[in-house]
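Protein chains: 2
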Amino acid sequence: MMFPVRRFAEEAREEQIIHMKELVIGFLGCGNIGGGVWRLLEDMREEIAERFDGLGIRVKRVLVRRVNAPRSCGVPREVLTDRAEDVLEDPEISLVAEFLGGEQPAADYMLRALRAGKQVVTANKMALCLHWAELNRAALESGAGLFYEASVCGAIPVIRMLNTSLQSVRVDRVMGIINGTTNYILTGMSAGGAEYADVLADAQQLGLAEPNPESDVEGMDAAFKLAILSSLAFHSAVPYAKVYREGITHVTARDIAFGAEMGYTLKLLAIAKRDGDRAEVRVHPTFLDRHHPLARVDGAFNAVYLHGDACDAITLQGRGAGDLPTASAVAADILQAAAGASGLPAGGERLCEERLTVSENWTTRYFLRLSAVDAPGVLARVADCFAQEGVSIAAMMQKGAAEDGRVQLVFITHLAEEEAVRRALPRLPEDICRVESMIRVEI
Amino acid sequence: MMFPVRRFAEEAREEQIIHMKELVIGFLGCGNIGGGVWRLLEDMREEIAERFDGLGIRVKRVLVRRVNAPRSCGVPREVLTDRAEDVLEDPEISLVAEFLGGEQPAADYMLRALRAGKQVVTANKMALCLHWAELNRAALESGAGLFYEASVCGAIPVIRMLNTSLQSVRVDRVMGIINGTTNYILTGMSAGGAEYADVLADAQQLGLAEPNPESDVEGMDAAFKLAILSSLAFHSAVPYAKVYREGITHVTARDIAFGAEMGYTLKLLAIAKRDGDRAEVRVHPTFLDRHHPLARVDGAFNAVYLHGDACDAITLQGRGAGDLPTASAVAADILQAAAGASGLPAGGERLCEERLTVSENWTTRYFLRLSAVDAPGVLARVADCFAQEGVSIAAMMQKGAAEDGRVQLVFITHLAEEEAVRRALPRLPEDICRVESMIRVEI
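In order, the protein sequence lines correspond to chains A and B.
When we follow numbering that gives the first Met the number 0, the leftmost residue of the first sequence carries the number 0, and every step to the right adds one.
When we follow numbering that gives the first Met the number 0, the leftmost residue of the second sequence carries the number 0, and every step to the right adds one.
Just so you know, these hints were derived from the structure itself, not from any lab.
Just so you know, these numbers come straight off a predicted model, no measurement behind them.
The beta carbon of each residue, even a glycine, is placed where N, CA and C say it ideally should be.
Be careful, since some hints might not be right.
Covered by chain B, per the in silico footprint, the following chain A stretches (three or more residues, Cβ under 8 Å) [said to hold, decoys possible]:
#, segment
1, 49–62
2, 320–327
Reference excerpt, derived from the structure (chain B facing chain A, CB under 8 Å, subset only) [as the list claims (entries may be wrong)]:
#, residue
3, Met43
4, Ala154
5, Arg159
6, Thr163
7, Ser167
8, Leu315
9, Gln316
10, Leu323
11, Ala331
12, Gln335
13, Val406
One-sided excerpt, in silico: chain A residues whose CB lies under 8 Å from chain B [to be verified]:
#, residue
14, Ile155
15, Pro292
16, Cys310
17, Gln316
18, Gly317
19, Ala330
Just need the whole structure built from these sequences, with the hints factored in.
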């Protein structure tokens, strides 16, 4: 994994000139992350050479859309090109770092690079996730490495941890706050009692949410990342399409306040659990017990909680986004590639096969808020509907005066099957109550 | 780092018999951790073979003191030996896992193994820390790998993270709760208001503290681990002898209660900071702001907080001790060694050189408790002594009625130099006040 260095410091310094080696790389794209990687490699040039056996990293070509557009990242004009071939077909370039984002042409370019025997480092969760089998196969066939630490959770080294340190255990659970935008919004709603739309608008003004926030707030971003994490954790392809997904757009300040009173914090949680050859893989708003290690991960921070048989629980927290933290993960991958690593986990061919059955009938707890007619006998009828499907109530709260003759009833269930809850809800008599929200609970 | 696997699942299964390779290893010692590794490797046999290209791991010899002593770990009698040569000189054994603990003969045995070209995996922080330069040199010279993830913080993969994912950044701060026994004791004292000796006695009864707890409660265990972490984080030898060390035996329930009222939680914290070529490396009881990510790490859990320029803050939390969590780290190292990794960080020869100046005159905040005569003018005289050394007071608390004519005064300073505080304290007039405790504060 590292260089077979057999010399010592003093000799090393003298020999440096002779041993100096160069890694010639190309960038696909040069947005915020690409620019961050460029600056980081410049800034660390001396230390990298000193530690990595005289290694010099030269960025030879950078693919951009418009070579004449003004740029602040410091990449000189002469390395810019708008022809992908200049990067992908240059035999001198042995490593390609991809920052285009999106599915295509990123996936095709990576495939071409791998087939040409070039190492590929990517920060692109979507292209990786949707084309993993092909990319992985191409990497295995050509022997070129494929690295993607930066595709999930920025500076948090969860990919490398799964692919190295956790190879000796059976991981049975991955839970994560892996989208910064939604965590910022939910933290804001929890702290201030504001509604979703207002906090989103604030976040957009601060640049913490995209002008079109769909991929974040509807959970797609988290689902891509969870598909990658669960595939690695469970040694099986877990396709994006099999990740259950529910966003935060329907979350209300009222639910957050009710949950808080009952001891829960609302998070957009990515959850993957494995039991034998059955798995559940889901992204949805989740009430977390306020003592859960993830309940206090606020704002733009990300965190991943893993559980394995021999290692027990491990939690990693850090900057899940941001140009420089993400760039640091890309740069670390480039250095690992330079040092001879492959990036591929042991048994990487398994990532091409679906070896698990993904079920949507998981068992968890539920927070249910109903608005019900304020009349005697209502509670009994509601409870009966749940009982008929075997859903048992652990806690109930009615609070505040009736509005328009209706009251808010909040139930927390004991562990129940998703399907049983979904069967129970339509049983509730429409004339006396309406389901306002159903939020899953993890303790 | 991983096998250059270029085949796919179906073929792989057929080829397994042909490609099957065996890693023959020897154990030095077979206590709780060694036994755990044995069981883990047995338990994971099939999955390891499936993922690692048909790899089989055979433990050929296990060095123990008494071959006939009863053992519960399941190691068969015929592999046991009481002669170290049977492990160290067997040419078939290519990897030695060391579980003897203590400095000698563990360090000598590891050195012999490395010089014979055998890979070494160790969980022994003391032997590693005190003989790192020799061990490192032997590994670099023979090209054999040296792995020590399990020597620091059990299942928390902080070593591998430093040696791979953080190579692209400059780490300037490492702070950790890296000793489970003291964290258990301080958590107990904080929760129940009990005194040190009582909680220690409880912990000993529960097996959470050693009958002779010195290495834990005096901070030696944490200092060994911090020497290792800071050496790797700062790319320089940081010898154990240069780690400032203060244990928890003098900590009182009263101080913990005062601190709690002012918003602080007491932890035995390991702290390493770097600024250019100057470093501070210290283990001592520390009041942490209760919102600090490490303030809520309770009981037998360990956590490490790192800060680097490009990656910002990263926190890892998990089981820092325990047979199986620690065994999982050893087993992961064995698998990495089998897959061709060296365990050595890039520029590993730097670990043989002291490249930083370790200073004991750090700058931090201080909690100072004085017992003072309850009379007018006392406070002014005390404050004046601090002022004369440039130590400025940020908060003060006087609480409770006078006992024996004396009151408890608690001060929190602004940032101050350690040496200035040490000069200020003897200035305090003995006739009117006595320094009861000085505890450093991190926010």
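inquiry  = Restraint: Arg159 (chain B) near chain A, CB-CB cut 8 Å. Satisfied or not?
reply    = holds, 6 Å
inquiry  = Quick check on the hint: Ala331 (chain B) CB to chain A CB, less than 8 Å?
reply    = OK, holds: Ala331 (chain B) within 8 Å of chain A, min 4 Å.
ask   = Should the hint that Leu315 (chain B) touches chain A count as held when the rule is a Cβ pair under 8 Å?
value = holds, 6 Å
request  = Hold the hint about Leu323 (chain B) up to the distance rule: shortest CB distance to chain A must be less than 8 Å.
outcome  = This hint holds: Leu323 (chain B) lies near chain A, its Cβ roughly 5 Å from the closest one there, short of 8 Å.
inquiry  = Taking beta carbons only, do three or more residues of the segment 320–327 of chain A come closer than 8 Å to chain B?
reply    = Three-residue rule met by the segment 320–327 of chain A, so holds; n is 5.
query = With a Cβ-Cβ cutoff of 8 Å, does the segment 49–62 of chain A contain at least three residues near chain B?
reply = holds (count 4)
message = Hint Met43 (chain B) vs chain A: min CB-CB distance below 8 Å?
response = Met43 (chain B) check passes; min Cβ-Cβ to chain A is 6 Å, inside 8 Å.
task = Hold the hint about Ala154 (chain B) up to the distance rule: shortest CB distance to chain A must be less than 8 Å.
result = Ala154 (chain B) check passes; min Cβ-Cβ to chain A is 4 Å, inside 8 Å.
ask   = How about Gln335 (chain B): closest beta carbon in chain A under 8 Å, or not?
value = The hint holds - Gln335 (chain B) has a Cβ within 8 Å of chain A, the shortest such distance being about 6 Å.
query = Given Ile155 (chain A) was flagged as interface, is its beta-carbon under 8 Å from a beta-carbon of chain B?
reply = Constraint on Ile155 (chain A) satisfied, holds at 6 Å.
key: Status of the Thr163 (chain B) interface restraint (C-beta, 8 Å, chain A)   = Holds. Min distance 6 Å.
query = Given Cys310 (chain A) was flagged as interface, is its beta-carbon under 8 Å from a beta-carbon of chain B?
reply = holds, 4 Å
Hint 13 alone, counting from the list given before, is not met by this structure.
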